[in-house]
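Asker: Chain residues, written in single-letter form:
Number of protein chains: 2
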Amino acid sequence: MGQRRMGIDLGGTKIAAGIVNENLQIEADMQVPTGLPREPEDLADEIFRLAFKLLESRNLSMTDLGSVGIGIPGTVNQERESVEYANNFGFDDVPFVRMLRERFPCPVYAENDAKAAAWAEYLTGSGRGSTSMVAVTLGTGVGGGIILDGKILNGINSAAGELGHMVIRKNGRRCTCGRRGCLEAYASALALVRAAKRAVKSEKSPDSLLNQLCAGKPETINGKMIFEAVREKDVLAGAVLNRYLDDLAEGIANIINIIQPEVVCIGGGLSGAGEDLLLPLRKRVEPMIYSRSSEKNARLVTAELGNAAGIIGAAELYRL
Amino acid sequence: MGQRRMGIDLGGTKIAAGIVNENLQIEADMQVPTGLPREPEDLADEIFRLAFKLLESRNLSMTDLGSVGIGIPGTVNQERESVEYANNFGFDDVPFVRMLRERFPCPVYAENDAKAAAWAEYLTGSGRGSTSMVAVTLGTGVGGGIILDGKILNGINSAAGELGHMVIRKNGRRCTCGRRGCLEAYASALALVRAAKRAVKSEKSPDSLLNQLCAGKPETINGKMIFEAVREKDVLAGAVLNRYLDDLAEGIANIINIIQPEVVCIGGGLSGAGEDLLLPLRKRVEPMIYSRSSEKNARLVTAELGNAAGIIGAAELYRL
Chain A
1 MGQRRMGIDL
11 GGTKIAAGIV
21 NENLQIEADM
31 QVPTGLPREP
41 EDLADEIFRL
51 AFKLLESRNL
61 SMTDLGSVGI
71 GIPGTVNQER
81 ESVEYANNFG
91 FDDVPFVRML
101 RERFPCPVYA
111 ENDAKAAAWA
121 EYLTGSGRGS
131 TSMVAVTLGT
141 GVGGGIILDG
151 KILNGINSAA
161 GELGHMVIRK
171 NGRRCTCGRR
181 GCLEAYASAL
191 ALVRAAKRAV
201 KSEKSPDSLL
211 NQLCAGKPET
221 INGKMIFEAV
231 REKDVLAGAV
241 LNRYLDDLAE
251 GIANIINIIQ
261 PEVVCIGGGL
271 SGAGEDLLLP
281 LRKRVEPMIY
291 SRSSEKNARL
301 VTAELGNAAG
311 IIGAAELYRL
Chain B
1 MGQRRMGIDL
11 GGTKIAAGIV
21 NENLQIEADM
31 QVPTGLPREP
41 EDLADEIFRL
51 AFKLLESRNL
61 SMTDLGSVGI
71 GIPGTVNQER
81 ESVEYANNFG
91 FDDVPFVRML
101 RERFPCPVYA
111 ENDAKAAAWA
121 EYLTGSGRGS
131 TSMVAVTLGT
141 GVGGGIILDG
151 KILNGINSAA
161 GELGHMVIRK
171 NGRRCTCGRR
181 GCLEAYASAL
191 ALVRAAKRAV
201 KSEKSPDSLL
211 NQLCAGKPET
221 INGKMIFEAV
231 REKDVLAGAV
241 LNRYLDDLAE
251 GIANIINIIQ
261 PEVVCIGGGL
271 SGAGEDLLLP
281 LRKRVEPMIY
291 SRSSEKNARL
301 VTAELGNAAG
311 IIGAAELYRL
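Same order as they appear, the protein sequences are chains A and B. The first sequence begins at 1 in my numbering and counts up by one. The second sequence begins at 1 in my numbering and counts up by one.
These aren't lab readings, by the way, just hints derived from the structure by calculation. Errors might be hidden in some of the hints.
Each pair may be met inside one copy or between any two copies, as identical chains are not told apart.
Unchecked claim - Dumping the calculated DMTMM-like pairs for lysine to aspartate or glutamate here, alpha-carbon to alpha-carbon at most 25 Å:
#1 Lys170 x Asp29
#2 Lys296 x Glu84
#3 Lys283 x Asp29
#4 Lys170 x Asp276
#5 Lys283 x Glu232
#6 Lys296 x Glu81
#7 Lys170 x Glu84
#8 Lys233 x Glu102
#9 Lys283 x Asp246
#10 Lys296 x Glu286
#11 Lys283 x Glu84
Isolated chain A, as found in the complex:
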């Protein structure tokens, strides 16, 4: 057959592999712990073994695969077949893609994991049917993926799409990248959760629903609790979310003014909040964009594929 594709989502905690069919659906998947720290050659062996076992479990073999794709949390240098800046892995310019190519008998494609997930949303998720999409992933940081004319924008050095490292508040909060005031420092899911923790601790308001939801333990607050409290009209949670959305909206309006994509797709943990996130966000973004009186403007949506995006996007990298 050869029309099945394998997608591998390499994470800091686990490696997930899936067999993706022609309809871009996952037929079967399997995962193993990443087991960091680990040598690159050893990790490449582990990935090959996982792929082999997954195929075996479905009575398939390597010859049934048209290609293998992998999403890696770092910058993938296509020319050098290497991975740069994969902090969690301690990889810095390691020829990891070449190592995988030496192991698999079929073509191997690799891309940054956020870009691979964006690619899946573009092909078969909330961006399907569009000509251009920007994915904004709200997680520990703020990741991005820009898709224009059916291609992932990589730029001159494969590093394009670092939407989180756009300064929106000059001289603001320190960012992990060394600058101050980056979108990431205000608009990551982590930043929202931290702001909620701070608010609960400093207000010392036992009345706050958020304080009740976390049973008086602010350290356990997560994004879900915040949205739940907001839905119940909790004033404290509402104020925290409003401040968060104000910053996120600035970043999204900036992106729209620069790129004017057909779709802006919000992914990552917080995207589960769906319309509770989108409605107040749209209300903020719409008056900010330069083209607000244009007939056509970007559609702001949440990601649809969840964790499957990583595997599907990786499997479909061969299309690029």
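Mind docking chain B on chain A? Use the hints.
Answerer: Frame of chain A, contents of chain B only:
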């Protein structure tokens, strides 16, 4: 022959037309006052007459032209053959491109003027030979043009590339677009000149070289005077320029982190300062960019073509 192209640069003050040869050089040019306010049909007639006279002056006729291109200070809607938001002209969704097409016997192409100028720099100016370029034009505002894979990025509504309307200082200075803290409010040539005027007025330091250069008349200060004073180590002018460059650098670093173009081309009046502008700007931008340790990073250069870019870029729109 038919291999000559005509480029028209429609400005608020004058209309400039040029005949551009196969080597992308202007063979002949001519200009007339725009004479605003003016009805669109009347303006289209004026443009046709100018083109006719220019051809006549070179013993050429319309049949010698492969195409005509025009750069317009507004948003050009390609689908509707119209011009949206050309504030100076009072055009709002006027089918101006169609009006021109009705007059000329050859194909007529139209684009936003800043994008047309960026296109010229990409083809035959400081961006030549590159695969991707972002033009940042420092004038009354901050304009932009993004060129990727040999195409001008228009986005879903032709409005992509509004780099000036990226907020870098949330809740900062009010911008003409309605938001606060846009790059344009800090990094336009106008913003630099205004800051210098304010500084000279408020410091009341007759020692300042800048005060001497303007003969005690701060209202006459321009960009050239500021750079001249900085070259002569004037402290006041140096402080003004440093603050300006800090803001401009934030905007440029943001653009690089998002798009990672091969070339960033600074155009507009201030680009005449050349290395006096580029050296301190590079020093600021380099440590800010996320990919600073990458082998390849954007080259920061100034525009080469000056006013000719408008005509050449318009003439070459047929390539898109």
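Asker: Indicate, hint by hint, whether the structure satisfies it.
Answerer: Status of each hint after checking the structure:
| no. | hint | result |
| --- | --- | --- |
| 1 | Lys170 x Asp29 | neither (44 Å within a copy, 44 Å between copies) |
| 2 | Lys296 x Glu84 | between (38 Å within a copy, 13 Å between copies) |
| 3 | Lys283 x Asp29 | neither (39 Å within a copy, 49 Å between copies) |
| 4 | Lys170 x Asp276 | between (29 Å within a copy, 24 Å between copies) |
| 5 | Lys283 x Glu232 | within (20 Å within a copy, 50 Å between copies) |
| 6 | Lys296 x Glu81 | between (39 Å within a copy, 15 Å between copies) |
| 7 | Lys170 x Glu84 | neither (28 Å within a copy, 32 Å between copies) |
| 8 | Lys233 x Glu102 | neither (56 Å within a copy, 60 Å between copies) |
| 9 | Lys283 x Asp246 | within (10 Å within a copy, 32 Å between copies) |
| 10 | Lys296 x Glu286 | within (12 Å within a copy, 36 Å between copies) |
| 11 | Lys283 x Glu84 | between (38 Å within a copy, 24 Å between copies) |
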